[in-house]
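Taken in order, these protein sequences are the chains called A and B.
Using the numbering used here, the letters of the first sequence map in sequence onto residues 1 to 428.
Using the numbering used here, the letters of the second sequence map in sequence onto residues 1001 to 1314.
Honestly, the hints are just simulated from the structure, not real lab data.
Note that the structure is predicted; figures quoted are calculated from it, not measured.
Be aware that a few hints might be false.
Claimed, not checked - Covered by chain B, according to a simulated footprint, are these stretches of chain A (three or more residues, beta-carbon under 8 Å):
#, segment
1, 103–116
2, 216–226
3, 312–326
Stated by the list, open to error - Sample of chain B residues at the chain A side, in silico, Cβ under 7 Å:
#, residue
4, A1037
5, A1039
6, K1080
7, N1082
8, Q1140
9, M1141
10, G1142
11, I1144
12, A1151
13, Y1153
14, C1181
15, E1184
16, W1187
17, R1205
18, E1208
19, G1245
The beta-carbon is built from N, C-alpha and C at its ideal position, and this holds for glycine as well.
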Amino acid sequence: MTSTPAAAAAPGIQRDAIRSYPGFLWKALGVATNGTWLFYGWMTLLTAIALVGANAWAVQVRDGMIVTNMSDHVSWGLYIANFTFCVGLAAGGVMMVIPAYLYDDEEMHGLVIIGEAVAVAAIIMSTLSVVVDLGRPDRFWHLIPGIGKFNWPMSMLTWDIIVLNGYLVINLHIVGYLLYMKYLGRKPNPNWYVPFVFLSIIWAISIHTVTAFLYCGLGGRPFWNTSLLAPRFLASAFVSGPAFILLVLRVLRMTTGWQWSPRPAQTLIQIIRVAMSINLLMLASELFTLFYTGSGHAAAARYLFFGSHGANGLVAWIWTAIALNLIGTVLFFQPAALERSWLRIAACLCCIVGIWIEKGMGLVIPGFIPSTLHEVVEYAPSMTEWKITTGILAFGLLVLTLLVKLIAAVELKQISQPKGSGTTEAQA
Amino acid sequence: MNNLNSMPELPILNDQPTGRRSFLKACGATLGLAAWATALRPLTEWTEDLNVDEFLQKHYRELTADQKQAVFKRLEAETKENYGADVHITDSQPIPGVQFAYALNLSICIGCRKCAEACHIENNHDRTTNNSYIRVFEMQMGGIDFEKGNATYDHPVPQPGKFYMPVQCQQCENPPCVTACPIEATWQEDDGIVVVDYNWCIGCRYCEAACPYHARRFNWEKPEIPAEEINPQQGYLSNRIRPQGVMEKCTFCLHRTREGRMPACLEACPTGARVFGNVLDPDSEIRWVIENKRTFVLKEELGTKPRFYYFFDE
């Protein structure tokens, strides 16, 4: 801060910025509750699904986790599978941040806020996925450092709580600050957000690394106990995240007047091509080690891919995932994927669903089958688990819709600070 | 619709110029709130069973002697109310200079599962699931391969060509479950026993994933036990009836063993396959077994250092 006039004016500007904030929130609420009939229909649908999920969760809390199909043999299921996938989605948002800020891609700069909004929604979904997995959500406060008892640094779960909440706060700050400055029609002060952007890059890597450590740190579960898990998590996250963002961008371009060049999406696709190739290479490497040595460590992988002792509940899942991942990869390598084609959308969907299975059900469940004492007890999610999981997804999409709608409204100047009326506005 | 600057008021509250739409929105918002309240109503039915004292209860190791007594009284009253049984909750402490260990003679175990049954009764396990902290595996002679084992056998024992291997909490010296717990709801006591504060556990089941021996159990629903079958001698950290939604595990029957008695599973064993005691006592039977038999522990390569030893006679 070398320019003295700016520094002198700063307190006045700051006061204005604080006074205008209620007006901004008020208009944001307006944006959130106004739209086309399509928008109302979409929001009503999401709310209805979230309601079904909320009701199923309330019943689960009352009657006990017996309403799920989890057991003492398979003690984590669909909830934790989705948690893992959503953390990856959140981490994947960073793949817009890196080109924009590390490589100064100007056009990506204008869209990077969408990636951050996806990260916010994904973190909310992953947190909810853990909350619904708790047997005693009423004791949630035991997890709060200072009030409860926080087993840090020993428990990997405490690390996960720190990094996930930290990532949420960082992204909320960046999104909120940039959005509000744009609303005010002011150039954002780099001191207020650039350090956080760089922090968010490291932090994005950390959330998925720590989530992998949750699993690979357990010596008693050979299927998870591999040092390749964190790199695999990151590689697949850098596919599923950008693929999901591509879908959001497509919807945004079709439903609002916001236009941009094809280049940012092409950058994302180049990233996906590299990340997916690395992901498949690591998967192949893992499978070779497991099956060629044929040790007891392969028991879970055998169950996953071929079934064992007549149990084959995951075989269809994992081969679907492998097929979708391969098809998605081939599609992404087509030149048409670099254009605004339907092929691109198909490629995104293939990779998202493929990774959702591979990193969700395909990773969590075989950790428990066979059990640590080699018993084979199978698991398939109950209706309650599907309802709750879908409810969380609907709630996450609801949050994302509102965030993106607000971002678009500010970007397209549908709402902005009235010129020269910083103080009067607050009284209106 | 594209320029909201002309509408500074929130459209819901602004009658002009969109009166009909605002009215519909207000109806929608009201309906929405009512729907959320209805959807979450089962929660209120659940909270009727909870109380503020339980909600605010501190971690076991932070309770003063007076607070502990109040908690035990409350739990006794709740057991009376919920299960119709008069129980007495105690708080046996580790004995200085005592480190417990267990040994099991695989040569004479016949797989009768009397130990598992005794555990079921002693520890007030849920009757409907027939839960027990002990799983007995029928193993194939010629190796110790759990992949060829079977814990759900249903035929007369012992069978030719088989041997039997009961597995329960190994009370590891280096317990992965304790490391995993995010809230210190489970810990190792001075005599080596790993315990759970059932009133502190949040039920995330990370410990259950971390345990290499399938020793931990979760209360998937509220345990059901007829009043007349309830064991009234209960330890706060051991065999009291567990709440729904928390973890539980074998505690070497600390409410018995810390009072100089043997674990229920040992007392029930008809062949004398089980040996329990204080390893720090040079004259104890457990010490003799460890020093003179070719003992082994399960999954030694994991570095968990179990206090549960297996051995063969021949």
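Confirm or reject the coverage of the segment 103–116 of chain A by chain B under the rule of 3 or more residues with a beta carbon closer than 8 Å to the chain's beta carbons. Violated, because only 0 residues of the segment 103–116 of chain A bring their Cβ atoms closer than 8 Å to Cβ atoms of chain B.
Within the assertion that chain B covers the segment 312–326 of chain A, do at least three residues meet a Cβ-to-Cβ distance smaller than 8 Å? Violated, because only 0 residues of the segment 312–326 of chain A bring their Cβ atoms closer than 8 Å to Cβ atoms of chain B.
Just to make sure I understand the rule, a stretch counts as covered if three or more of its residues have a C-beta closer than 8 Å to a C-beta of the chain. Does the segment 216–226 of chain A meet that for chain B? holds (count 4)
Going by Cβ atoms only, is B/E1208 closer than 7 Å to chain A? holds (4 Å)
Per the CB criterion, is B/E1184 less than 7 Å away from chain A? Holds: closest Cβ of chain A sits about 4 Å from B/E1184, inside 7 Å.
Given B/K1080 was flagged as interface, is its beta-carbon under 7 Å from a beta-carbon of chain A? At about 22 Å, which exceeds the 7 Å cut-off, the nearest Cβ of chain A leaves the hint on B/K1080 violated.
Would the hint on B/N1082 be counted as holding, given a Cβ-Cβ threshold of 7 Å to chain A? violated (14 Å)
Does B/Y1153 pass the interface check with chain A, least Cβ-Cβ distance below 7 Å? Not OK, violated: B/Y1153 not within 7 Å of chain A, min 12 Å.
Can the hint on B/M1141 be confirmed by a CB-to-CB distance to chain A that is less than 7 Å? violated (17 Å)
Hint check, B/R1205 versus chain A [nearest Cβ-Cβ separation less than 7 Å]: holds (5 Å)
Hint check: 7 Å Cβ-Cβ cutoff, B/A1037 to chain A: Status violated, d = 10 Å.
Status of the B/Q1140 interface restraint (C-beta, 7 Å, chain A): violated (12 Å)
This entry does not satisfy hints 1, 3, 4, 6, 7, 8, 9, 10, 11, 13 and 16, going by the numbered hints stated previously.
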